[in-house]
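2 protein chains.
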Amino acid sequence: MARIVLKFGGTSVGDPDRIRNAARKVKAEVERGNQVAVVVSAMSGATNQLVKWVNDIAPIHDPAEYDMVVATGEQVTIGLMALALQQMGVKSRSWGSWQIPIRTDDAHAKARILAIDTGPLGAAMSGGEVPIVPGFQGVSPGGRVTTLGRGGSDTSAVALAAALGADRCDIYTDVDGVYTTDPRIVERARKIDRVTYEEMLEMASLGSKVLQTRSVELAMNHRVRVQVLSSFDAALGSDLPGTLVVDEDEIMAQGIEKSVVSGIAYSKDDAKVTVTRVADQPGVAAAIFGPLADANINVDMIVQNVSLDGSSTDITFTVPRTDLARAIQCLEKSKADLRFDAVKSDTNVAKVSVIGVGMRSHAGVALAMFRTLADKGINIQVISTSEIKISVLVAAEYTELAVRALHSAYGLDAA
Amino acid sequence: MARIVLKFGGTSVGDPDRIRNAARKVKAEVERGNQVAVVVSAMSGATNQLVKWVNDIAPIHDPAEYDMVVATGEQVTIGLMALALQQMGVKSRSWGSWQIPIRTDDAHAKARILAIDTGPLGAAMSGGEVPIVPGFQGVSPGGRVTTLGRGGSDTSAVALAAALGADRCDIYTDVDGVYTTDPRIVERARKIDRVTYEEMLEMASLGSKVLQTRSVELAMNHRVRVQVLSSFDAALGSDLPGTLVVDEDEIMAQGIEKSVVSGIAYSKDDAKVTVTRVADQPGVAAAIFGPLADANINVDMIVQNVSLDGSSTDITFTVPRTDLARAIQCLEKSKADLRFDAVKSDTNVAKVSVIGVGMRSHAGVALAMFRTLADKGINIQVISTSEIKISVLVAAEYTELAVRALHSAYGLDAA
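Listed in order, the protein sequences are those of chains A and B.
Heads up: the first sequence begins at 25 in this note's numbering, then just goes up one per residue.
Heads up: the second sequence begins at 25 in this note's numbering, then just goes up one per residue.
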């Protein structure tokens, strides 16, 4: 017997038929003799409608009231899911977050889970009942409804799995796992069976929107084994139908040979900014990035060119494309202090990344990347690296070519 | 300073514009220096959608889960209403029924309110804040969500007004008050300024669906002064824009001359059933109506004819039209025991009623009714009376003629 938390996203519970389909997955786990708890999102579209009403009435609003309204989406689904299970002969009941309770801080609309009282839920599970819990929400110390921010249902599921000491947390979504790269670009992309938390974090933050970043961090901190799998997959009962996100040690211990590179990610959400002929003196980087940080603009890749004439230099960096206008405004404001020549920007760029824990112990991964791109005539504009990731910025038109070439070069193509 | 509970029905909070409109009514009461609490229904259509999902997934369902799902409709509205008021500069916050709490029994889907803890709400009101409370729901002794049944929001409002010791409970709806009869039939129908609880009860149960019957009973028991008024009426600040439902003593004390008859009601929701040539012996009525009661079929008007031949008689009664098929089935089943000749039914009937507390002390009200109908050539099929009401069953085609003639005969036509 194992204890498992199953989580179903918005598209997986988007209408009564899909809720029934999800309930069948739950029933199958119960029939395997497992103790099961379920976390559900709001029906797809529901949260957007609720947010729209809130913004219509109050564009700038009390987040506590926003939470009261928006949290109702999941409360609908927990009741419907419990009914669908009962209809199939599975003992089940819904638990509102205040009934459990799921305690959070009082940072409305972006609350953090502090504790989940698993006493009643654990007892219900031991008694053969499947508790259905709303994702994305909790109760503040003052007893008000809180929400965790968009995508928070994954976090709820992982937190519940951690609190229950669950053997696994299965995240059902509309893709059947994590792929070596975007299958829409590379036909021969492969589903990855096992990926480490660290790799998953890089993939999530790089735009493979399979799992919410916060939920992966939480899973890593509490060593919750997370499986990503499709709720639309007919294959029930397969041992590992999706992608398992686990600790590196678990993968090593199983003696599975892992490729050096796990996947190729890309993102077209960034814009490149170059500040030309800035005075090359101590503190200039802080002078540029300080105001951007104050404006809550997240700067990603940064390159400072070698000084051209000993007194001035160019600084290039990327920001989210949606923040570009604000970033330029911000820099122009400090022009008098910075004494730069001009701010140039380019939205016609893509970030392509190679990810893999294997590169920690393998030299030459970066070199292989640069050679592959050079062979295809792709110019690298900016480079940034971490322990398990190398990212390059290229002209957007080369995105697909670069991803395909790298996918082949690192031996990721399916046979 | 007065303490007032305002209640807005589904059409009054049907979209963001209407919620803003309702919020303006609340603000006007606050600006008059009153302490105000607000009860809201779900946005019109919301509850039906939720019920539809429940029935799709489980036609026969766990009422506790039904309640979890269906109660979310009002939880959306309380947040939106609080936001609309804040947006207008009025201090406000939403209170979920479990946050107050509104304690009910555990009869899910048809719960009764047992107690409302008004401590925190009263404190908020004294501090100049407007609490927004969801109608139609509460929490069971076991801490689960309950609902009061359709139309329960009126009951919530009256119960809250009683608990808060409010001076008045204003029920905002899509009509501007209670009329002497249906204005679609009688152009010269008049809005009634003041009506007694007893009269309102008769009107409500006879199909003037302005106030839910249970809420009127509750108001009568706790002497809550209820005003029915339109949320779409532009006239703010009028002293008595709607219809006030109060104790007979209050109307008398004000020296207002009340007409003997307050209103003419009608209903086309009934069917007439005649059981012919039943054995005329003790216990036969019980033998007929027992099985119907067991089948939860509500029998209304009953007439037993004088025995025709000393040994058998005809019994005529009305049942809700929606229960007619079941009623006939029920009677045919007991045919062997009852030894009647046949069951005849007629759905082509209407019940027309004359209502007024004044008839207690005035003779001749019934006679005037019978004469008026006779003058128009309308045949009376069944008669039933109570202390403050006379109802007759007529052929449906005469409904409008009967209502108009009676409205004139009792001097109710507007000048």
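By construction, these hints were calculated from the structure, which means they are not laboratory data.
A few of these clues could be false.
For identical chains, the list gives no copy identity; a pair is met inside one copy or between any two copies.
[To be verified] Mimicking BS3-like on lysine-lysine, the simulated pairs with C-alpha atoms at most 30 Å apart in a straight line are:
(1) K215 - K233
(2) K233 - K49
(3) K76 - K49
(4) K51 - K76
(5) K292 - K233
Note that the structure is a prediction, hence the values are computed from the model and not measured.
So, going through the hints one by one against the coordinates:
no., hint, result
1, K215 - K233, "within (15 Å within a copy, 60 Å between copies)"
2, K233 - K49, "within (23 Å within a copy, 45 Å between copies)"
3, K76 - K49, "between (32 Å within a copy, 24 Å between copies)"
4, K51 - K76, "between (35 Å within a copy, 24 Å between copies)"
5, K292 - K233, "within (13 Å within a copy, 58 Å between copies)"
Checked against the numbered hints above, the structure breaks none of them.
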